[in-house]
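J.: Taken in order, these protein sequences are the chains called A and B.
Quick note: this note's numbering has the first sequence finishing at residue 117, numbered continuously throughout.
Quick note: this note's numbering has the second sequence finishing at residue 300, numbered continuously throughout.
Fair warning: there could be bad hints in the mix.
Said to hold, decoys possible - Subject to a maximum C-alpha distance of 27 Å in a straight line, what follows is the list of computed DSS-like cross-link-like pairs (lysine-lysine):
(1) 254/B <-> 222/B
(2) 60/A <-> 222/B
(3) 187/B <-> 60/A
(4) 187/B <-> 222/B
(5) 187/B <-> 254/B
As the list claims (entries may be wrong) - With the Cβ distance kept under 7 Å, some of the chain B side facing chain A (calculated, not the full set):
(6) 200
(7) 201
(8) 227
(9) 229
(10) 231
(11) 279
(12) 281
(13) 286
(14) 288
(15) 290
Just so you know, the hints here were simulated from the structure itself, not pulled from any lab data.
We treat Cβ as the ideally placed atom computed from N, Cα and C, and that holds for glycine.
Okay, here's what each chain looks like letter by letter:
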Amino acid sequence: KAGVTQTPRYLIKTRGQQVTLSCSPISGHRSVSWYQQTPGQGLQFLFEYFSETQRNKGNFPGRFSGRQFSNSRSEMNVSTLELGDSALYLCASSLASGASYEQYFGPGTRLTVT
Amino acid sequence: AQKVTQAQTEISVVEKEDVTLDCVYETRDTTYYLFWYKQPPSGELVFLIRRNSFDEQNEISGRYSWNFQKSTSSFNFTITASQVVDSAVYFCALSEAGGGSYIPTFGRGTSLIVHP
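Throw the hints in and build the complete structure from the sequences for me.
T.: Have a look at this one:
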């Protein structure tokens, strides 16, 4: 069974631009969660999508948004990039929504904002 | 508000030593989940264990064991006879558990270095 895949793996953007990251979950998994990891703030939960609906959301500004498609693939968008958005963005998938379901993580997308 | 504290920033041990990673949490919820994850140098988080707040039984899985104590709000992780492959950053996390909710709060992580 293929694992969670994230594209691209590395990305360099300029401040003010926008970026879209993609996550393909494990086949059969319907929930996708996104996380941001930075040296300063650590690992933080962004949001979770289940059946194309946002189920849970962390404490991030509206510049961070996402969506999920009918095949469970998910995209995350960050608009008006700031230097502080430089981070490793991790995606995780699980069978369904909720803390009782084990999450499987992808390798992450490393975003650098210059 | 939820909070997870991993006071140990970095631990360095020699192979075959036992090592315990500490995790202390704060929550007002009576129903919650606790987690441990491993992040090797490759960057991919690996799920290790989940424990709900009603299950205080300790768990052992091979060389790994977990000690959950609600009285001290702690969920510590012990690796017995550590190996070089155990070198990684380990994260403890907490999430409320009601109604399909999953909004985890992570500790800052403990970097474990196992020397041969």
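J.: List, from low to high, the hint numbers that the structure doesn't satisfy.
T.: 6, 7
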